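Colleague: Here is how the chains run, residue by residue.
Protein chains: 2
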Amino acid sequence: MTKVNIGLIGYGTVGSGVVQFLHKREKYFRDKFNLEFVLRTLCDWNIHKKDIRGLGNTNLTKRFMDVLDDKNIEVVIELIGGMHPAEEIVTTALKKGKHVITANKELIANEGKRLFQLAKAQNCQLCFESSVGAGIPIIKMITEGLAGNTYGEFYGIINGTCNFILTEMTKNHLSFSKALQLAQEKGFAESNPTLDINGMDSAHKLAILAYLTFGKFVKLSDIYTEGITHISHDDIEYAESLNLAIKLLGIAKRGEETIEARVHPTLISKDHPLASISGIYNAIYLHAKPLGDVLLSGEGAGQMAAASGVISDLVNLASRGKDSNLLCNLYSEAPHLKVRKIDQIKTKFYIRFMAVDKPGVLSKIAGILGRHGIGINSVNQRAHNPTSAVPVVMLTNYTTEKMMRLALQKIQKLSIVKSKPVAIRMEKLW
Amino acid sequence: MTKVNIGLIGYGTVGSGVVQFLHKREKYFRDKFNLEFVLRTLCDWNIHKKDIRGLGNTNLTKRFMDVLDDKNIEVVIELIGGMHPAEEIVTTALKKGKHVITANKELIANEGKRLFQLAKAQNCQLCFESSVGAGIPIIKMITEGLAGNTYGEFYGIINGTCNFILTEMTKNHLSFSKALQLAQEKGFAESNPTLDINGMDSAHKLAILAYLTFGKFVKLSDIYTEGITHISHDDIEYAESLNLAIKLLGIAKRGEETIEARVHPTLISKDHPLASISGIYNAIYLHAKPLGDVLLSGEGAGQMAAASGVISDLVNLASRGKDSNLLCNLYSEAPHLKVRKIDQIKTKFYIRFMAVDKPGVLSKIAGILGRHGIGINSVNQRAHNPTSAVPVVMLTNYTTEKMMRLALQKIQKLSIVKSKPVAIRMEKLW
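Taken in order, these protein sequences are the chains called A and B.
Note that the first sequence ends on residue 430 in my numbering; no numbers are left out.
Note that the second sequence ends on residue 430 in my numbering; no numbers are left out.
One chain only, chain A, in its complex shape (with noise of 0.2 angstroms):
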């Protein structure tokens, strides 16, 4: 029987879940891992013993240095999220000689090079499987499941709240405000859902993945966020008549000397898997050399989803041997990809507006179009109306994101135009 002494720094809904897992299964880690997990002491800043079940002897404390300092402590868990003091508890903890279990992305994506590189320095392990995708084992496949392979490019359902939202205006016919509504309701929403909503959060879990496959730190400043509050019930309709689906994805890609990293609402074809994952699953579709197409999905969010990463990463943390090497410590940078900007990254378009219905408008619309080497692929015009605007969809061609705005901005300036344009990037999934 192996015993592990941890520390448990963050009692919110993550932290209570892991506890409740703790005490749970207790006799199963026993019996099937031969692993006797100890809960020597948990930290909050608001924490009253008489709130929590099945602690037993553990140690309850307010002070975090009181976890940190213990040297029986073999293990911290870092559970309040944000980036202080989760930053300095993180740090401290690997230069005080502890393994380290974390759940948050925003420090894994802004700080993950240098913590990475500190675990590796104290031969210890830095475990984070529940910062993307929550227990959906995405850290695991990648890091060690497809060891040997390369990438090409990913794409990647990686915030729940969103999808949801899209589900419901796509199956339900709710409008967004709706949708965000009912998810708030549900609790799948934080009551502040901007970062979410805005596609920030997708962009902290898009910078992680793109450092475990391509081996690139990507800023958060140059992954290119657009969210999903732009996104109308007519986009989701139109897009259901020509067999796609609008999911917000985190995509990256790999060239020779650059890669690509963007979050936004996408097109993609309704007969690819990616598109039948709804509600709030979350999913990566990647290409990995040799091996092909992977897709792993599950749910991505919730109180025992995150636990289950966390409990995870502490059985498997403690059955590897003492000298072992976690994979994802070992990654060797790719320092000379360049990360490209939006502008030059070329993708197919729909685009929509509204537009008078009469002879001749379509004919300037795509001689502005043509103009800016802009191929169209299909035209719809559903509604005839001799007196009004009608909607317009297009889909393109292959066109860089710099020629579609600046043909757009000519477009909206027509007199026979009259809406702002509504552009949504389009992907080939295979």
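These are computed hints drawn from the structure, not numbers from a lab.
Predicted, not measured: the structure shown is a model, and the values here were computed from it.
Misleading hints may appear alongside valid ones.
Chain B regions said to be covered by chain A (calculated; three or more residues, Cβ under 8 angstroms) [stated by the list, open to error]: (1) 138-149; (2) 265-275; (3) 285-296.
Where a beta carbon is used, it is the ideal one built from N, C-alpha and C, also for glycine.
Dock chain B against the given chain A, drawing on the hints supplied.
Modeller: Below, chain B without anything else, positioned relative to chain A:
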């Protein structure tokens, strides 16, 4: 730099893929993982050095004992497949204290229990990622990625040949025999495809997965196994019109005291992600507690896909410390679980038969079903022709296999029924 001396036995499709992989990525393994893999000896009954590139100082031999007797070889990779002499090779290697990597599903399905115990007693690792779904890290996900979770049930598309055939029958309207021929032409099916299309290959993989998820070694003879040879194009078209897809699934479910383990064509909703897994792709969809539903999919066959799983095992094995525990070797068995007989298992059914197109026919058939306690959810009779038999499709409510068989025997004897009824089980996956 950690140096690992390897003996590889079996230089067929997968074996030569592994040799290529080792050769091509030699620098990559050094830079990224700090590992140097030395292929010390390559064994095949029909080996010629001139056939093989990149072997350097590798010894060639036709006698596998040359590998097993070599004290410098730390890891034996067994890629000859089949039971013998694979079983003797793996057993001897473990007894001599060598780690073993194998892609041999038949061996693990039949002798896994004994081999895992032997590996544990010898403090050796026995790795088998490529035995299910080639390089898709299904084994790693279950044993390590979801460590701490328990499992309620899983559904696997675990034979690429069958999935390819069913996809071609659905998307390109091929007959079964034409689809099989195409699979053979493309190299996705063996010249003798019996083990694939009769479901036995899936049953081997199901046995391995049931062991890892439930801790129960299910004998192959206890797995109800039905292939896809009786699936007709008519059934696929009816399924499509009912928003259903036909997949050959390996299914296992755990109750309190029992488990189900079966392989058969299954109707599932087209909206479920498993329905969009097409062609040679494999997938597993499993319910983990407390994490929730998880789906993992990718290319489950092919030389480099299988080699990828072997290399992943090799990198992981070499990176783990000497005192590591391989989690799957530690599985505490659940010997009390009894395997349920197919007779007792309840599912919904799709049934189809040719019947005379006269008033009263449906009531006769419904009467027989009713007397066997089988409710009918829907009846479809598209064509009408008073002078000949027409196809009738019914979807039933839940019933035991036993009652369905009895009812179908009676229905078949009716003079108004002109064909042997087809019955396909249905599963509600969410």
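Colleague: Hint by hint, note whether the structure agrees.
Modeller: Hint-by-hint comparison with the structure:
Check result for the region 138-149 of chain B against chain A: holds, 8 residues qualifying (beta carbon to beta carbon below 8 angstroms, three or more required). Three residues within the 8 angstroms Cβ limit are the bar, and the region 265-275 of chain B against chain A gives 4, so the coverage statement holds. By the rule of at least three residues with a Cβ nearer than 8 angstroms to a Cβ of chain A, the coverage given for the region 285-296 of chain B holds, with 8 such residues.
The earlier numbered hints are all upheld by this structure, with none contradicted.
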